[in-house]
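Colleague: As given, the protein sequences belong to chains A and B, one line each in that order. Just so we're aligned: 353 in the numbering used here is position 344 of the first sequence, and the numbers increase by one with no gaps anywhere. Just so we're aligned: 7 in the numbering used here is position 4 of the second sequence, and the numbers increase by one with no gaps anywhere.
Since the hints were derived computationally from the structure, they do not count as laboratory data. Ideal placement from N, C-alpha and C gives every residue a C-beta, glycine not left out. Careful, some of the hints might be misleading.
If you want a taste of the chain B side facing chain A, the calculated C-beta under 7 angstroms gives, among others [stated by the list, open to error]: (1) Glu28; (2) Tyr31; (3) Arg33; (4) Ser42; (5) Ser44.
Only pairs whose alpha carbons sit at most 20 angstroms apart, straight line, appear in this in silico SDA-like list of lysine to any residue [unchecked claim]: (6) Lys576(A) <-> Phe681(A); (7) Lys542(A) <-> Arg640(A); (8) Lys226(A) <-> Thr32(B); (9) Lys226(A) <-> Tyr247(A); (10) Lys226(A) <-> Ala20(B); (11) Lys9(B) <-> Lys226(A); (12) Lys226(A) <-> Ala29(B); (13) Lys12(A) <-> Ser42(B); (14) Lys154(A) <-> Lys542(A); (15) Lys542(A) <-> Ala406(A); (16) Lys542(A) <-> Thr632(A); (17) Lys226(A) <-> Ala18(B); (18) Lys226(A) <-> Ala41(B).
Sample of chain B residues with no beta-carbon within 12 angstroms of chain A, all distances over it, derived [as the list claims (entries may be wrong)]: (19) Asn5; (20) Arg6; (21) Val7; (22) Phe14.
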Amino acid sequence: MNKTLAILGWGTVALLGTVAVSAVALHRGEPINALWLVVAATCCYALGYRFYSKFIAVKILMLDGLRATPAERLENGRDFLVTNKWVVFGHHFAAIAGPGPLVGPVLAAQFGYLPGTMWVLAGAVFAGCVQDFVILLFSVRRDGKSLTEMAKDEIGRVGGFVAYVAVITILIILLGVAALIVVNALKASPWGTFTIAMTMPIALLMGVYLRRIRPGKVLEVSALGFVLVLAAIWGGQYVSQNAMLARVFTFSAPTLAILIIVYGFAASALPVWLLLAPRDYLSTFVKLGTIVLLGVGMVALHPTLHMPALTRFVDGTGPVFSGKIFPFAFITIACGAISGFHALISSGTTPKLIARETQTRMVGYGAMMAESAVAVMAIIAACVLQPGVYFAINSPAGIVGQAPATAAATISSWGFPVTAADMQALAHAVGEQTLYNRTGGAPAFAVGMAHIFSHSLGGETLMALWYHFAIMFEALFILTILDAGTRVARFMVQDALGHVYKPLGRTSWYPSILATSGLIVAAWGYFLWQGVKDPLGGINSLWPLFGISNQLLATVALCVATTIIIKMHRAKYAAVTLVPLAWLVAVTFTASWHKMFDPNPRVGFLAQAQALAAGPVPMSSATARLIFNNRLDAAVTGTLVVMVTLVLVESGRQWMGVLSGAKEARVKESPFVRTRLVEEQG
Amino acid sequence: MNRVRKTICDFAATAVATLREIFDEAAYTRFLGRAGMASSSEAYAAFRREFEEAKVRRPKCC
Chain A
10 MNKTLAILGW GTVALLGTVA VSAVALHRGE PINALWLVVA ATCCYALGYR
60 FYSKFIAVKI LMLDGLRATP AERLENGRDF LVTNKWVVFG HHFAAIAGPG
110 PLVGPVLAAQ FGYLPGTMWV LAGAVFAGCV QDFVILLFSV RRDGKSLTEM
160 AKDEIGRVGG FVAYVAVITI LIILLGVAAL IVVNALKASP WGTFTIAMTM
210 PIALLMGVYL RRIRPGKVLE VSALGFVLVL AAIWGGQYVS QNAMLARVFT
260 FSAPTLAILI IVYGFAASAL PVWLLLAPRD YLSTFVKLGT IVLLGVGMVA
310 LHPTLHMPAL TRFVDGTGPV FSGKIFPFAF ITIACGAISG FHALISSGTT
360 PKLIARETQT RMVGYGAMMA ESAVAVMAII AACVLQPGVY FAINSPAGIV
410 GQAPATAAAT ISSWGFPVTA ADMQALAHAV GEQTLYNRTG GAPAFAVGMA
460 HIFSHSLGGE TLMALWYHFA IMFEALFILT ILDAGTRVAR FMVQDALGHV
510 YKPLGRTSWY PSILATSGLI VAAWGYFLWQ GVKDPLGGIN SLWPLFGISN
560 QLLATVALCV ATTIIIKMHR AKYAAVTLVP LAWLVAVTFT ASWHKMFDPN
610 PRVGFLAQAQ ALAAGPVPMS SATARLIFNN RLDAAVTGTL VVMVTLVLVE
660 SGRQWMGVLS GAKEARVKES PFVRTRLVEE QG
Chain B
4 MNRVRKTICD FAATAVATLR EIFDEAAYTR FLGRAGMASS SEAYAAFRRE
54 FEEAKVRRPK CC
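Please model the complete structure; the sequences and the hints are all you need to start from.
Modeller: Written out as structure tokens, the structure reads:
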């Protein structure tokens, strides 16, 4: 009876999912309701988790609930700790859900809602969730080793070295592009800048409260901090309306870039935990709350999507970023579908907390599904906007023109009508001076979110508050990533330099701290400055570069996973990681080729450098710098591709050796130890 | 009815435990137990010192 019910239940889910996916894929000509996307996503995730992840767990990984995990064997109350599976799930999700799943889908919406939605659903179920799940399990079976260590053990020294370089490169590009998103969201916005500036004294107050008044009561003080941040958002409107205060908090993009670079250095080099730790907690609090609020809001309000399924920009002429739907849609959306960065977290803190091997399925596969759902929300937030409004916000001045009337006319000529008066009214409604040329995805997401909520909670009068809440939410956790990322990269560089000169490896030696912090901040600050000065808005160059490097790291992770699966004598199932690996190789290598050698100057770095070099003589210093930047971007892309090719070749040699019998198939797992934990639900 | 109440209580307890873990309150409680200290300004400062390095090394995703 139970089996019959299960078949009926899952059959219904499959049928509902098929209808919803078909509606999303085949509907043309008139707006569709966002609920179709929600239903399609829910059914795909449910089926993927119930059947595909179970197949991987049983047939390939052979999860063993009786095998003691490192959390049990090496428990020390600090890094290694047996933890409730839901707690680990929350921890893992809080670590993997950054701004990526919000920004990437918003940018990719220039192709229409269909490509992004399909990639997010298929990519997550068949690639991203699989990668996070298998890497987590393999790390658990190796005492919580990192991806870099596993690559070195299973593929060879080349694998370890490439993974290390890829991680540093991704961090630097990510930090540069994340800072650019904040700059573009806050430039000429006294309200937004005031709110973000106020988070600093609020964090200091939280620090004093935590240290002096109620030591360790982080949840309590985070709730208090949240109320104060809401007050700062409310107060921002009065700052923007006061001529003198508005002038104080109005900054140009270059000034904001310099302020953020100085902030990044101070956060990494100075002992400012009193400020940073409370802000980190506040950021997590706001992030989890907003994601839950957004999810509930979208289901309850089920808005209509105005963006068509496919736009004319699938041909590669898009204003947000240049390049055709293949491969650029697939590198623009990384975190919602598959992100190499997740492999670092799956082989970082999480494997040291898992109580039972069987829980890796829920934590690894399940948390990535939740992140993918966040990406679906971002697609909805971008696509509820009128397409003309979406393009006016996300198109750089270099494409549509600086003057409002010119920009509106250009966008309308593409078939997406918008007027300068519409944009002015919208800017006024959200409390901004202008919404043109706000590239980077964050402002478009904020307008979409404000649009959705203002239709129910508070109406049009609260639209400005919702907009600035969303901007604060994105800027707050991007700044958290900036300081945390800079410190992570600093430690990695210090670890490496310690092999050359021992004192440089000491994380408490101040000359080393200053030198390595300066090095990391200068590296991402360079990319930020490049983005600020780029006439095409910066995102056009930097986001694809970030996407390529992130997906190349996923390629390394999938190489490690495939190698281990083959060594486990499960080669007949290796397609589970080999197919996503092949897809990522096709996507990233094609995208890299285009970004380096495409003859279109809006796509290819070298073509753009050449076009600039062919300009008027004598060349200005700004032009010379743009030419250098384009060549540098091409060189970074080329270096990453060469290194990942080496990992692929090394992995291929391992696979051929093992499959032909020339090499012993021996995995480097920790020995089996039977668990002493009492039976509990896995 | 009792079962429903128990389920709700279990859910709430897990949610609070998750938040306490994410926000390091549970780690602080464990630290106090391990160090045999009562919660105080000094104990929290010692906890922060011990956890700072491990915490800042944790990667956060994009």
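Colleague: Could you run down the list of hints and mark each one as holding or not?
Modeller: Results of checking the hints against the structure:
no.	hint	result
1	Glu28	5 angstroms, holds
2	Tyr31	4 angstroms, holds
3	Arg33	5 angstroms, holds
4	Ser42	5 angstroms, holds
5	Ser44	6 angstroms, holds
6	Lys576(A) <-> Phe681(A)	17 angstroms, holds
7	Lys542(A) <-> Arg640(A)	16 angstroms, holds
8	Lys226(A) <-> Thr32(B)	10 angstroms, holds
9	Lys226(A) <-> Tyr247(A)	32 angstroms, violated
10	Lys226(A) <-> Ala20(B)	13 angstroms, holds
11	Lys9(B) <-> Lys226(A)	27 angstroms, violated
12	Lys226(A) <-> Ala29(B)	10 angstroms, holds
13	Lys12(A) <-> Ser42(B)	53 angstroms, violated
14	Lys154(A) <-> Lys542(A)	41 angstroms, violated
15	Lys542(A) <-> Ala406(A)	12 angstroms, holds
16	Lys542(A) <-> Thr632(A)	10 angstroms, holds
17	Lys226(A) <-> Ala18(B)	16 angstroms, holds
18	Lys226(A) <-> Ala41(B)	14 angstroms, holds
19	Asn5	20 angstroms, holds
20	Arg6	17 angstroms, holds
21	Val7	19 angstroms, holds
22	Phe14	9 angstroms, violated
In summary, the structure is inconsistent with hints 9, 11, 13, 14, 22 from the numbered list given earlier, while agreeing with the others.
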